[in-house]
Amino acid sequence: MRIKEGFKLRSLLGEHIVTGEGPSQVNFNKMVSLNSTAAYLWEAVEGKDFSVEDLKKLLLDEYEVDEQTASKDAAAIAAKWAEIGLTEE
Amino acid sequence: MTPTRIILPNEVMLGSVKELLAEGNTVVIMTKGLSMLPFIEGKRDSVLLEKRASVSPGDIVLAEIRPGSYVLHRVRAVTGGGKVTLQGDGNYRGQESCLVGNVVGTVKAIQTPGRPDKDPASASEMRRWRFWAALPSWFRRYYLAIYRRIKHITI
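Protein chains in written order, with this note's numbering: chain A, 1 to 89; chain B, 1 to 155.
Hints are computed from structural coordinates only; laboratory data are not their basis. A few of these clues could be false.
What the hints assert, rightly or not - With a cut-off of at most 20 Å between alpha-carbon atoms, the simulated PhoX-like pairs for lysine-lysine come out as follows:
#: 1; chain 1: B; residue 1: Lys32; chain 2: A; residue 2: Lys30
#: 2; chain 1: A; residue 1: Lys48; chain 2: A; residue 2: Lys4
#: 3; chain 1: B; residue 1: Lys151; chain 2: B; residue 2: Lys51
#: 4; chain 1: A; residue 1: Lys30; chain 2: B; residue 2: Lys108
#: 5; chain 1: A; residue 1: Lys30; chain 2: B; residue 2: Lys18
#: 6; chain 1: A; residue 1: Lys8; chain 2: A; residue 2: Lys48
#: 7; chain 1: B; residue 1: Lys18; chain 2: A; residue 2: Lys8
#: 8; chain 1: B; residue 1: Lys83; chain 2: B; residue 2: Lys151
#: 9; chain 1: A; residue 1: Lys30; chain 2: A; residue 2: Lys80
#: 10; chain 1: B; residue 1: Lys108; chain 2: B; residue 2: Lys151
#: 11; chain 1: B; residue 1: Lys108; chain 2: B; residue 2: Lys43
#: 12; chain 1: A; residue 1: Lys80; chain 2: A; residue 2: Lys4
#: 13; chain 1: A; residue 1: Lys30; chain 2: B; residue 2: Lys43
#: 14; chain 1: B; residue 1: Lys118; chain 2: B; residue 2: Lys43
#: 15; chain 1: B; residue 1: Lys151; chain 2: B; residue 2: Lys43
Please read all numbers here as calculations on a predicted model, not as lab measurements.
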């Protein structure tokens with residue numbers, strides 16, 4: 001999967017916010033707020049093809065979690081991004 | 001995932017909008033308030049803003065009239081010294097003023113759900129505005145009171 005063209009992670013209002021629409025248009029009506037873990041993963045995979053396995057590895061590299069938790073969290077975040085239309089296969 | 005409406009304080013959100021516009025982005029924001037009726041209906045219409053090099057009477061602009069205090073109003077006049085006079089189309093009295101440099105962005109399109117976008121600088125929209133602005137203020141006041149009642153518009 002990969003992050004769809006036109007979504008950009010910005011630091012706005014002290015939060016990690018993904019804004020949609022065109023490359024130079026920021027739509028405050030369409031924003032997704034990410035927590036710091038999701039923002040870390042987003043930055044790591046932005047512009048690349050990635051899998052749930054890649055997200056899991058990134059979580060294991062950065063956080064002190066066991067493999068099972070990382071695997072569960074990676075799958076959950078990939079599913080959420082796909083559900084709200086941030087990623088494509 | 002259910003969309004959530006988050007209402008942010010103007011000084012917080014519009015500060016970010018100002019930075020994004022200054023960087024050359026266009027920005028879409030939801031409007032609020034009644035001061036631009038009947039041209040912009042708060043909580044229903046969004047506006048697409050861009051930073052422009054100049055400001056002209058008739059433009060609808062987002063302006064910082066005091067540090068951290070913003071209005072989205074119509075430009076009524078611009079003096080040679082760069083002083084901009086603003087007034088909400090729905091305000092029958094009361095004007096604001098600022099300098100050209102305090103104009104953060106200009107409305108390029110008014111977006112109403114289910115309708116085509118409107119360019120406030122188009123000939124037809126400018127005609128509508130000139131007609132509206134030429135009406136006596138008492139008439140505008142009563143018209144808007146009825147308009148709000150019919151459309152159930154509240155703040």
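Status of the hints after comparison with the structure:
{"no.": "1", "hint": "B:Lys32 - A:Lys30", "result": "holds (17 Å)"}
{"no.": "2", "hint": "A:Lys48 - A:Lys4", "result": "holds (10 Å)"}
{"no.": "3", "hint": "B:Lys151 - B:Lys51", "result": "violated (32 Å)"}
{"no.": "4", "hint": "A:Lys30 - B:Lys108", "result": "holds (18 Å)"}
{"no.": "5", "hint": "A:Lys30 - B:Lys18", "result": "holds (18 Å)"}
{"no.": "6", "hint": "A:Lys8 - A:Lys48", "result": "holds (14 Å)"}
{"no.": "7", "hint": "B:Lys18 - A:Lys8", "result": "holds (18 Å)"}
{"no.": "8", "hint": "B:Lys83 - B:Lys151", "result": "violated (36 Å)"}
{"no.": "9", "hint": "A:Lys30 - A:Lys80", "result": "holds (16 Å)"}
{"no.": "10", "hint": "B:Lys108 - B:Lys151", "result": "violated (25 Å)"}
{"no.": "11", "hint": "B:Lys108 - B:Lys43", "result": "holds (18 Å)"}
{"no.": "12", "hint": "A:Lys80 - A:Lys4", "result": "holds (14 Å)"}
{"no.": "13", "hint": "A:Lys30 - B:Lys43", "result": "holds (15 Å)"}
{"no.": "14", "hint": "B:Lys118 - B:Lys43", "result": "holds (17 Å)"}
{"no.": "15", "hint": "B:Lys151 - B:Lys43", "result": "holds (13 Å)"}
Violated hints, listed in ascending order, are 3, 8, 10; each of the other numbered hints is respected by the structure.
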